[in-house]
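Assemble the complex: chain G is given as a structure, and chain X must be docked to it using the hints.
Top to bottom, those sequences are chains G and X.
Sequential numbering of the first sequence, starting at 0, is according to numbering that gives the first Met the number 0.
Sequential numbering of the second sequence, starting at 0, is according to numbering that gives the first Met the number 0.
Hint data in this document are derived by calculation from the structure and do not stem from the laboratory.
Treat the hints loosely; a few may be bogus.
Heads up, simulated BS3-like pairs for lysine-lysine below, C-alpha to C-alpha not over 30 Å straight-line [unchecked claim]:
1. G:K139 - G:K181
2. G:K82 - G:K262
3. G:K181 - G:K144
4. G:K181 - X:K6
5. X:K6 - G:K139
Quick caveat, the model's predicted, so the values are computed rather than measured.
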Amino acid sequence: MAAGFLGALTGLGGGVVITPAMVLLLGIDLHYAMGAALISVIATSSGAAAAYVREGLSNIRIGMFLEIATTVGAVCGAFAAAKVSPSILGVIFGAVLLHAAWTSMRSHPATRNGEPGDRLAERLRLNGSFPTPEGVRSYKVSHVKTGFGLMFIAGAVSGLLGIGSGALKVLAMDRAMRIPFKVSTTTSNFMIGVTAAASAGVYLNRGYIDPGLTMPVVLGVLGGSMLGARVLPGAPTLTLRRVFGIVVGALAVEMIYSALTGKL
Amino acid sequence: MPLSDRKVDEIIGGLLRYGVMLSASVVGAGGIWYLIQYGTSPPGYHVFRGEPEYLRHLRGIVSGVPGFHCRRMIQLGLVLLIATPVARVAFSVVAFILQRDRMYVAITLIVLSVLLFSLTGRAGG
Chain G
0 MAAGFLGALT GLGGGVVITP AMVLLLGIDL HYAMGAALIS VIATSSGAAA
50 AYVREGLSNI RIGMFLEIAT TVGAVCGAFA AAKVSPSILG VIFGAVLLHA
100 AWTSMRSHPA TRNGEPGDRL AERLRLNGSF PTPEGVRSYK VSHVKTGFGL
150 MFIAGAVSGL LGIGSGALKV LAMDRAMRIP FKVSTTTSNF MIGVTAAASA
200 GVYLNRGYID PGLTMPVVLG VLGGSMLGAR VLPGAPTLTL RRVFGIVVGA
250 LAVEMIYSAL TGKL
Chain X
0 MPLSDRKVDE IIGGLLRYGV MLSASVVGAG GIWYLIQYGT SPPGYHVFRG
50 EPEYLRHLRG IVSGVPGFHC RRMIQLGLVL LIATPVARVA FSVVAFILQR
100 DRMYVAITLI VLSVLLFSLT GRAGG
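The shape of chain X in the complex, shown without the other chains:
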């Protein structure tokens, strides 16, 4: 079934909206938990130390250190937010395949691979 540009626009719009809503709720829930646990004690962000290893990688955030806590939950929400535009690009690949638009399948795949290269940490250095 050929997919019209209009329909693709609508699906992409919905994908972006729900992605932002979902990640905002995860971040918000984690945030409430964070405030209960730490209160508004002044955080030490004046000196850059970098995040602990398990908060830097997808695998670490999902399963690294045993135990689920609020900082990890917020980070999970933030990763969902980063994943929202990536999911949009992945859907565009499918949409262009259905439209049999070979040139744009190739263009979109290039963009998707740059994103995955960055996210899987090979660009982390």
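Next comes chain G alone, as it looks inside the complex:
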């Protein structure tokens, strides 16, 4: 079906574009689209996490601890998804897309260092180290409570919309908890699979997950992400990110427009 197209798109972007593409371009019902997208998010994040964990980049303790917040948030969000009307879901989705477009257009500012860390982080043994080309670098974690709260929101958004909400997780770890960017992104990836699995149970029981629709999406996205991983290193990143940002921005506007005119 449209698997090839979706695969190519997501090789660049992530789960957040699959649902609007299916809803706006193929006219698929929002709930079915969310179910299929959520499952494909589990596939890509588990595949990628396998590699990062082996390289020792993700911090499993940080991931486990914050997963309490994201899984509880995800179950709440997945519950709410059935109660909230499609047009409200569409508007929230559009807002998340706008945020994704905005972050992809902007280059990442360097993480500040030398913060004292946090007593709670000490108690939970969250501080860690990771390999860099210049040798092993250690880091301290701050603002654990703020990060934990933000992770609950990230989980709720993930369950509500059927996305991985990786951008929100990175925001919580990188900005609030002052975890190095590389560790934040890989740990976020590691957490996405578990967060999505928590909502997937609720989605499955509600009948959002259709085998005939999810099959081509999952296989297409897996194929696309493997292809993407091979092609991307040689691609001009900045241009790609600009193009991606514009596409996502356009999807956001279209999504909000359809939601407000009652077409969802």
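Using the frame of chain G, we list chain X on its own:
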């Protein structure tokens, strides 16, 4: 035998990789079967009706209605995919027990119980 963090990372990496590979092959095989049976006839996903009862629960997917068919096979593959991160968390419980890290055994058990609560359908409503 104490288990090093490094070793745990490697096992978790392998678990995730093989879980995704296994479920992708089950979904793929079911998908080929599906295409042979239904072809590319345009599916009706424009209106949400929800899945039949037997495709919504673990027990139904494994044994609900007699007869094994392609939609159930794909759904089984998808459930394996959902189970992959759950298996990862379950393994982490064992790993933290072996490392005698009581605090993280407790943390991981909380996460595992949220996942099982969601998957066993008590959150289904």
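Okay, the hints, checked on the actual structure:
no. : hint            : result
1   : G:K139 - G:K181 : holds, 14 Å
2   : G:K82 - G:K262  : holds, 18 Å
3   : G:K181 - G:K144 : holds, 21 Å
4   : G:K181 - X:K6   : holds, 21 Å
5   : X:K6 - G:K139   : holds, 23 Å
Against the hints set out earlier in the document, no violation occurs for any number.
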